[in-house]
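Whole structure, please, built from the sequences with the hints as guidance.
Respectively, the protein sequence lines represent chains A and B. Residue numbers for the first sequence follow full-length UniProt numbering, so the first one is 1 and each next one is one higher. Residue numbers for the second sequence follow full-length UniProt numbering, so the first one is 1 and each next one is one higher.
No wet-lab data here; the hints were simulated from the structure. None of these values were measured; they are calculated from a predicted model. Think of the CB as a built atom: it goes at the ideal place given N, C-alpha and C, for glycine as much as any other residue. Among the clues, some could well be false.
[Stated by the list, open to error] Chain B is faced by these chain A residues, among others (derived, beta-carbon under 8 Å):
1. Leu25
2. Ile28
3. Val29
4. Lys32
5. Ile33
6. Phe35
7. Phe36
8. Ile39
9. Trp40
10. Phe42
11. Val43
12. Ala44
13. Leu60
[As the list claims (entries may be wrong)] Computed beta-carbon distance windows for the label pairs:
14. B/Gly115 / A/Phe42: 27 to 33 Å
15. B/Asn311 / A/Trp40: 43 to 49 Å
16. B/Thr476 / A/Ile33: 16 to 22 Å
17. A/Ile33 / B/Ser41: 47 to 53 Å
18. A/Trp40 / B/Gly115: 22 to 28 Å
19. B/Lys161 / A/Ala45: 52 to 58 Å
20. B/Thr476 / A/Leu30: 53 to 59 Å
21. A/Arg19 / B/Tyr431: 30 to 36 Å
22. B/Asp365 / A/Phe42: 30 to 36 Å
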Amino acid sequence: MNMPDHGPTYPSPPRNPLRRLSAELILIVLAKIAFFSLIWWFVAAHYPRPDTRPAAIEHLLAPSPSTTPEAKP
Amino acid sequence: MIIDSDVVTLSRLQFALTALYHFLFVPLTLGLVWMLAIMESVYVMTGHEVWKRMVQFWGVLFGINFAMGVATGITMEFQFGMNWAYYAHYVGDVFGTPLAIEGLMAFFLESTLVGVFFMGWHRLSRVKHLLVTWFLALGTNFSALWILIANAWMQHPVGAKFNPQTMRMEVTNFSDVLFNPVAQAKFVHTVSAGYVVGSMFVLSISAWYLLRGRNVDFAKRSMTVAASFGLAAALSVVVLGDESGYAVSENQKMKMAAIEAMWETEPPPASFTLFGIPDVQNRTTHFALHVPWVMGVIGTRSLDTPIPGINNLVADTKGKITDGIQAYDALLTLRKNPGDAQAQSTLTKYDDDMGYALLLKRYVDDPRQATPDDIQKAADSTIPNVPVLFWAFRIMVACGLYFIALFAYSFWLASKRKLDSYRWYLRLALYSLPLPWLAAELGWIVAEYGRQPWAIEGILPTALGVSSLTAGQVWTSLGGFVFFYTALAVVDAVLMAKYARKGPDELGLWPVRDAKAPSGANTAGALS
Chain A
1 MNMPDHGPTY PSPPRNPLRR LSAELILIVL AKIAFFSLIW WFVAAHYPRP DTRPAAIEHL
61 LAPSPSTTPE AKP
Chain B
1 MIIDSDVVTL SRLQFALTAL YHFLFVPLTL GLVWMLAIME SVYVMTGHEV WKRMVQFWGV
61 LFGINFAMGV ATGITMEFQF GMNWAYYAHY VGDVFGTPLA IEGLMAFFLE STLVGVFFMG
121 WHRLSRVKHL LVTWFLALGT NFSALWILIA NAWMQHPVGA KFNPQTMRME VTNFSDVLFN
181 PVAQAKFVHT VSAGYVVGSM FVLSISAWYL LRGRNVDFAK RSMTVAASFG LAAALSVVVL
241 GDESGYAVSE NQKMKMAAIE AMWETEPPPA SFTLFGIPDV QNRTTHFALH VPWVMGVIGT
301 RSLDTPIPGI NNLVADTKGK ITDGIQAYDA LLTLRKNPGD AQAQSTLTKY DDDMGYALLL
361 KRYVDDPRQA TPDDIQKAAD STIPNVPVLF WAFRIMVACG LYFIALFAYS FWLASKRKLD
421 SYRWYLRLAL YSLPLPWLAA ELGWIVAEYG RQPWAIEGIL PTALGVSSLT AGQVWTSLGG
481 FVFFYTALAV VDAVLMAKYA RKGPDELGLW PVRDAKAPSG ANTAGALS
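This is the structure we're talking about:
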């Protein structure tokens, strides 16, 4: 398209048009971290750290003490 | 200990929801970043300002996607501890390594490079900024590599062995974990699916501009890049998907049989079921439309290797369960008497099948007391949800073939400079926007739902990996995730639509007011 040569014709863009977006995105990331921390705090934080030594967790694979180990299929 | 299925189901649901949600962002990041790298390379090579503005505009949408997606993946990593504590303990020594490397790459490498990408336009030379963009693309993809290595180990656990002293899996050969053939096939298939997502995103939004008669030159160039990159990606995703399918038929035969709803072993080469209605109750597929030979050739790459059917695999599983019980018995003996040579020998002989004995824990407290009925139930439980896998796979493949057609036509139109000639085509390109996401999510459903009932294929049943939580606790976290992720999804959709609608013109990125203006004159401080 040919334009007559009398200076710029485009309107000036808004100054730093994406600055607001940058701020919004930073706030969203912070909100996410805060909310995830909140879920963790509600669900898990107040539980004691589990004992994961082999002797402490072997019951998860082994049967309850009351069952008879000798019985075979 | 009989497993609390409510907690298992809820924990699975929570993990599935968070994973599917996270993967709305990942493929766009994986694909769009390469489009930015291509556009910026053209800018550096030609010096044409429009290419820089294209990078900056699509970079804004990339930035929104990145910021909205960041930290949604970390919730899955936390869930390994919160909801899958026994899983984390049992396989953490193996699984944790690639997961930790992925975390480091995603948070330190990728996030740092994203920051430099956005803030470096005025601070770096053209070539240096281009290098940052390329490193960002590579870093993003390598980050995906590590998580896929971790995931592939769940599908095909290699390079690790169960240690009866520590009661968990330990790495025996890290190079086997790293070069797991399933990981390689999964990586290339997944990232190329991401490239299709990125290409469709640019193609669809550009088509919308052309329909509106806005940013025409800008949109046509963007569509040309998207069509070229998208065609290569769509072809790759199908070819590499075939490789991934071959890996499944080698290592996860039940998943393959379920995808095909193949109840009985057919004489080789097996046919491909194009359409059918799987009937789980009667173990048959109604109205099946078979294409001879195709499945056998694709799945085994031979004409004389059978693909086992579901019923045959269930029968094999019963034998593995029986062997696994011997390993389980030997393990318990060794726990009491670590020096028992006979038990050690039995465990060594049968330990590959010990996981199959653990399937019985859903039905009987002590697998050694399992009845034939319990063994049958446990063997039947290895059949995943056949109708879901059957249809999810077919819709995904149909989408993949459609993408090849659409990008090929787009490429042809671009080469003829006719991208804005047909409004029906532009509408088709616009309305195709959600399809690559649909295909990608279905792909994950096939991969992960098809792995059930295993958390680690053949090693650890999913039900056994769960934490000692109450259903109420999981409901609380699940409710929190659903609420927050829904809110985030709305914000994401609003932001994406808002800035895509604004377009490069309203954002002041295009047209360039003065061709001789210094680079980036209109975008000073963009995202900085």
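Hints, verified against the model:
Because the smallest distance between the Cβ of A/Leu25 and any Cβ of chain B comes to about 4 Å, under 8 Å, the interface hint for this residue holds. Taking 8 Å as the C-beta contact cut-off toward chain B, the hint placing A/Ile28 at the interface holds, the least distance being around 6 Å. For A/Val29, the suggested interface contact is upheld, since its CB lies about 6 Å from the closest CB of chain B, less than 8 Å. Look at A/Lys32: its Cβ gets to within about 5 Å of chain B, closer than 8 Å, so that hint holds up.
The interface hint given for A/Ile33 holds, since its Cβ lies 6 Å from the closest Cβ of chain B, which is under the 8 Å cut-off. Hint status for A/Phe35 relative to chain B: holds, with the closest Cβ pair at about 5 Å, below 8 Å. With a least beta-carbon distance of about 6 Å to chain B, the hint placing A/Phe36 at the interface is held under the 8 Å criterion. Proximity of A/Ile39 to chain B holds as hinted, the smallest CB-CB distance being about 4 Å (cut-off 8 Å).
A distance limit of 8 Å between C-beta atoms decides the matter here; for A/Trp40 the minimum to chain B is near 7 Å, and the interface restraint holds. Hint on A/Phe42 holds. Least Cβ distance to chain B is approximately 6 Å, under the 8 Å limit. Proximity of A/Val43 to chain B holds as hinted, the smallest CB-CB distance being about 5 Å (cut-off 8 Å). Hint status for A/Ala44 relative to chain B: holds, with the closest Cβ pair at about 5 Å, below 8 Å.
Given hint, A/Leu60 at the interface with chain B, holds; its Cβ is 6 Å from that chain's nearest Cβ, closer than 8 Å. The hinted range of 27 to 33 Å is satisfied by B/Gly115 and A/Phe42, whose Cβ atoms lie roughly 32 Å apart. About 45 Å separates the C-beta atoms of B/Asn311 and A/Trp40, a value consistent with the hinted range of 43 to 49 Å. Checking the proposed 16 to 22 Å range against B/Thr476 and A/Ile33 shows it holds: the Cβ atoms sit about 19 Å from each other.
The supplied range of 47 to 53 Å is broken by A/Ile33 and B/Ser41, whose beta-carbon atoms lie about 35 Å from each other. Restraint check, A/Trp40 to B/Gly115: a C-beta distance of roughly 26 Å satisfies the suggested window 22 to 28 Å. Between B/Lys161 and A/Ala45 the C-beta distance comes to about 35 Å, which lies outside the given range of 52 to 58 Å. As the Cβ distance of B/Thr476 to A/Leu30 is approximately 23 Å, the hint placing it in 53 to 59 Å is violated.
Distance hint check: the CB atoms of A/Arg19 and B/Tyr431 are about 33 Å apart, consistent with the given range 30 to 36 Å. At about 32 Å, the beta-carbon gap between B/Asp365 and A/Phe42 stays in the expected band of 30 to 36 Å.
In the structure shown, a violation is registered for the earlier hints numbered 17, 19, 20, in ascending order.
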